[in-house]
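**Student:** Let the hints inform the model, and build the full structure from the sequences given.
Protein chains in written order, with our numbering: chain U, 1 to 420; chain B, 1 to 219.
Keep in mind that the hints were calculated from the coordinates and are not lab data. Among these hints, one or two may not hold up.
Unchecked claim - For lysine-lysine, the following DSS-like pairs were computed, each having C-alpha atoms within a straight-line distance of at most 30 Å:
1. U:Lys-47 - B:Lys-145
2. U:Lys-277 - B:Lys-40
3. B:Lys-136 - U:Lys-364
4. U:Lys-295 - U:Lys-328
5. U:Lys-73 - U:Lys-47
6. U:Lys-13 - B:Lys-145
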Amino acid sequence: MSATMEKGVRVLKEVIDSRIASYFSSCVHCGICADACLFYTETGDPKYTPIHKLEPLRRVYEQEYTLFGKLGKLIGWSKAVTDAELAEWQELVYNSCTLCGRCSVVCPVGNDIVYMVRKLREGMSASGNAPDGLKGAVTRTVTIGSPMGIKLPAVKAQIKHVEADYGLKVPLDMEGADYLVMLSSMEIINFPEYLGAIGKIMHSVGKTWTLSSEAFEATNAGMQIGNSDLARVIVTRIVDAAEKLKAKTVISPECGHAYTALRWEGANLIGRPFTFKVQHIIEVLGEFEAQGLLKTEGMETDKLTFHDPCQLARRGGVIKQQRVLMNKVAENFVEMPDAGFMNWCCGGGGGASAIEEGEELRLKAFAVKIRQFNAVKPDRLVTACANCRIVLEEGLEHYAMKLPVIGLTELVAEHLPEPK
Amino acid sequence: MDHLAFLTWVRGTGLDIALSLFVFGVLWRLIEIYGLGVKKDLSEPRAGEAASGWHTIWRRSFPQKEAMMKSPVTYAGGIIFHFGLAIVVLFFVPHILLIKDMFGFGWPGLPSQVIDLVTVVTMVAMILVLVDRLVKPVKRFLSTKADYITWVLTFMPLLTGWLAVQHLLLPYTLMLAIHILSVEILLIVLPFSKLFHAFTAFGSRWYNGEVNGHKGVAV
Ligand code: SF4
Ligand code: SF4
Numbered sequence: 001m002s003a004t005m006e007k008g009v010r011v012l013k014e015v016i017d018s019r020i021a022s023y024f025s026s027c028v029h030c031g032i033c034a035d036a037c038l039f040y041t042e043t044g045d046p047k048y049t050p051i052h053k054l055e056p057l058r059r060v061y062e063q064e065y066t067l068f069g070k071l072g073k074l075i076g077w078s079k080a081v082t083d084a085e086l087a088e089w090q091e092l093v094y095n096s097c098t099l100c101g102r103c104s105v106v107c108p109v110g111n112d113i114v115y116m117v118r119k120l121r122e123g124m125s126a127s128g129n130a131p132d133g134l135k136g137a138v139t140r141t142v143t144i145g146s147p148m149g150i151k152l153p154a155v156k157a158q159i160k161h162v163e164a165d166y167g168l169k170v171p172l173d174m175e176g177a178d179y180l181v182m183l184s185s186m187e188i189i190n191f192p193e194y195l196g197a198i199g200k201i202m203h204s205v206g207k208t209w210t211l212s213s214e215a216f217e218a219t220n221a222g223m224q225i226g227n228s229d230l231a232r233v234i235v236t237r238i239v240d241a242a243e244k245l246k247a248k249t250v251i252s253p254e255c256g257h258a259y260t261a262l263r264w265e266g267a268n269l270i271g272r273p274f275t276f277k278v279q280h281i282i283e284v285l286g287e288f289e290a291q292g293l294l295k296t297e298g299m300e301t302d303k304l305t306f307h308d309p310c311q312l313a314r315r316g317g318v319i320k321q322q323r324v325l326m327n328k329v330a331e332n333f334v335e336m337p338d339a340g341f342m343n344w345c346c347g348g349g350g351g352a353s354a355i356e357e358g359e360e361l362r363l364k365a366f367a368v369k370i371r372q373f374n375a376v377k378p379d380r381l382v383t384a385c386a387n388c389r390i391v392l393e394e395g396l397e398h399y400a401m402k403l404p405v406i407g408l409t410e411l412v413a414e415h416l417p418e419p420k
Numbered sequence: 001m002d003h004l005a006f007l008t009w010v011r012g013t014g015l016d017i018a019l020s021l022f023v024f025g026v027l028w029r030l031i032e033i034y035g036l037g038v039k040k041d042l043s044e045p046r047a048g049e050a051a052s053g054w055h056t057i058w059r060r061s062f063p064q065k066e067a068m069m070k071s072p073v074t075y076a077g078g079i080i081f082h083f084g085l086a087i088v089v090l091f092f093v094p095h096i097l098l099i100k101d102m103f104g105f106g107w108p109g110l111p112s113q114v115i116d117l118v119t120v121v122t123m124v125a126m127i128l129v130l131v132d133r134l135v136k137p138v139k140r141f142l143s144t145k146a147d148y149i150t151w152v153l154t155f156m157p158l159l160t161g162w163l164a165v166q167h168l169l170l171p172y173t174l175m176l177a178i179h180i181l182s183v184e185i186l187l188i189v190l191p192f193s194k195l196f197h198a199f200t201a202f203g204s205r206w207y208n209g210e211v212n213g214h215k216g217v218a219v
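**Tutor:** Structure below.
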C-alpha cells in the first residue's frame with residue numbers, strides 16, 4: 001500500500017461515526033435512491049446509484065468497525081480497498097455527484113447518503129484521488145485567494161466600475177458595518193451586476209455594508225474536494241476578516257456551496273461557534289421584505305420560473321423567501337415540477353462544474369432540467385447561484401434552448417425605486 | 001431423532017440458544033454502531049421549523065409521490081410485507097400464547113382465517129419484491145448473495161408456518177419443528193445482516209432528521 005493510500009484509509013477510518021455506521025447497517029439495497037439521482041435517471045446506468053458511490057467507504061467501515069468484517073479481513077475473505085479501486089471511484093464520488101442531497105431525502109431507511117459522500121471525499125482527496133480540476137481550484141484558492149485565480153486588484157477594478165456605473169460608493173474594509181458582503185469569483189468575473197445590485201439594495205433599505213480586502217471570495221473548493229484542512233484555511237480567512245471588521249452578519253453570495261461551507265461547515269471546521277451571523281443573500285432579502293424595508297415598483301410581465309440551488313433550498317433550508325421575492329417583482333411567476341425542496345440539480349454543484357472530464361456526463365444529466373423547463377415553458381429563468389447560472393447557460397446552449405438566465409438579487413435590485 | 005424429540009429440542013434448548021444469541025447480537029451491534037459517537041454540530045441552528053429526528057422517523061414510513069411512482073413494486077410490496085410480517089408474528093394466537101408463556105403477558109389475537117389470508121398475501125408480496133430485485137437493473141446490480149440469503153431466511157418461517165397450519169407436505173409435528181427452527185436461524189442471523197435495519201433504520205432516520213432539522217429542513 002502506498003503512503004498516500006495509507007493516509008486515505010486512515011482518514012476514512014477517522015470520518016466514520018455512528019451516523020455512517022448506522023446508515024451502512026440499514027441499507028436494504030432497495031435501489032430507491034437511484035431514481036432520485038439525476039446521473040442515474042438520465043443515463044440509466046446502475047453504477048450511478050447513490051449508495052454504490054460509497055462502496056469504498058462501506059468496505060472500510062465493515063473491515064474496521066464490525067466484528068465479522070474484522071474476522072473476514074483476518075482470514076482473507078474480504079480484501080482491503082486498493083489504490084486502483086479508489087482511482088476508479090473518482091468518477092462516482094466527484095464527477096457524478098453534485099452533493100445535491102436528493103438521494104438523502106428519499107431513502108426509506110433514512111440514510112443520509114450525501115453526508116457520506118462528503119466524508120468519503122476526505123479519504124479520496126487524502127489519497128490523491130481527487131480530480132485535477134478541483135485540485136487546481138483548491139491550490140488557487142489557498143495560494144492566490146480564489147479558485148479562479150482572482151486577486152484583489154481585479155476586485156478593486158470592479159469596485160471602480162460599479163461605483164461609476166451605479167453612482168454609489170462601494171465600501172472596502174469599513175469597520176462596524178451591518179453586513180460584510182462576500183463574493184464568488186464567478187460574480188467577480190461574469191456577473192458584476194451582482195455587486196451593483198447589493199449596493200443599490202443596501203442603500204435603499206438603509207443598511208451599512210462593506211467588502212473586505214482580505215477576504216472577498218466565499219467559494220470553498222476545500223470543502224468540495226473534501227479536504228477539511230484546506231477548507232478550514234479558506235473559512236478562517238473569512239472569520240478573521242469578519243471579526244477584524246466587527247461585522248454583525250456575513251452575507252454569503254449567490255453561490256450554493258459557499259453558503260454550505262460557511263453557514264453549516266464553517267464553525268465545525270474552525271472548532272468553535274462564530275461570533276457573527278451567516279446569511280445567504282436571499283435570506284437577507286427575505287428578511288428585509290418581512291421587515292417591510294424592501295420597497296419595489298413595477299412588475300416583470302413575462303413568464304418567469306425559479307431554479308432552486310440545492311444548497312440554498314434542500315440543503316440549506318431557504319425555500320420560501322425566494323418565492324416571496326419572485327412574486328413581489330413578477331406577475332407571471334410559474335413553478336416547475338419538483339421546484340423548491342425537491343428541485344433537480346443543475347448538474348454542476350459540489351465542484352462538479354470544475355471537472356473537465358465530467359462535462360459530457362454533466363450535459364447528459366442536464367436533460368432532466370430541459371424536461372423541467374419544457375413542462376412550464378418559461379420566457380426567462382431566475383436563480384440565486386452564480387455556479388448554477390453558468391452551468392444552466394452551458395446546458396441550455398448544448399440543448400439549443402433559448403432561455404435567458406438571471407440572478408434573483410439583480411432582478412430585485414432592478415425594481416427598486418430610483419433614489420431621490 | 002424422532003419428530004417429537006426434534007420439536008422438543010427446538011422448543012427448549014434450541015430456542016434458548018437462539019434467543020441468547022439474538023439478544024447478545026443485538027446488543028453487540030448496537031454498541032458497535034452507536035458507540036462510535038457523533039461530533040457536536042457547532043454551527044448555529046436555524047430556529048423553529050417542524051424538522052427533527054422524530055419527524056423523519058415518521059415521514060420515511062410513507063413514500064413520497066415521485067419515488068412511489070418510480071418504484072411501485074418496491075414500495076407497495078415492501079409496505080405490505082412489513083405490515084404482514086408484523087401482523088402474523090404478533091397476532092397469531094399460538095405466537096401470543098408463547099409470548100405469554102415466556103413473559104407473563106399477552107394480548108388478543110386475530111382469527112386464524114385472517115392470519116391465513118395475511119400470510120398468503122405477505123408471501124405473495126415477498127415473491128413480487130424478489131422478482132423485482134431480479135428484473136430491475138439497479139436492484140440486481142446492488143444485490144449481493146446476502147440479499148438473497150436473507151430473503152430466504154425471512155420467507156422460510158412464513159412458508160413453514162403456513163404449511164404447518166394447513167397440514168401440508170410434512171407431518172404437522174415435523175413441519176412445526178422446522179418452522180420454529182427457521183425462526184431461530186432468522187433470529188441468530190438478524191443482528192449480523194441487513195435485517196438489522198429493523199433496529200438501525202430508526203437510528204438512521206433519527207440522525208438524518210436531526211442533521212437536516214438543524215438546518216430547518218424537514219427531510
Ligand atoms: S434507498 Fe436507502 S436503503 Fe435503498 S438502496 Fe439506497 S441507500 Fe440503500
Ligand atoms: S447527492 Fe445528488 S448527485 Fe450525489 S448521489 Fe445523491 S442524488 Fe446523486
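**Student:** All hints are to be evaluated individually against the structure, with a verdict given for each.
**Tutor:** Each hint, compared with the structure:
1. Distance restraint check for Lys-47 (chain U) and Lys-145 (chain B): the Cα-Cα separation of roughly 18 Å lies within the 30 Å cut-off, and the hinted pair is therefore satisfied.
2. Distance check on the hinted pair: Lys-277 (chain U) and Lys-40 (chain B) sit about 19 Å apart at the alpha-carbon level, within 30 Å; holds.
3. Restraint check: the Cα-Cα separation between Lys-136 (chain B) and Lys-364 (chain U) comes to about 22 Å, which is no more than 30 Å; the hinted pair holds.
4. Distance check on the hinted pair: Lys-295 (chain U) and Lys-328 (chain U) sit about 10 Å apart at the alpha-carbon level, within 30 Å; holds.
5. Among the hinted pairs, Lys-73 (chain U) with Lys-47 (chain U) is consistent with the structure: their alpha-carbon atoms are about 25 Å apart, no more than 30 Å.
6. For the given pair, Lys-13 (chain U) sits about 26 Å from Lys-145 (chain B) by alpha-carbon distance, which is consistent with the 30 Å threshold.
Checked against the numbered hints given earlier, the structure satisfies every one of them.
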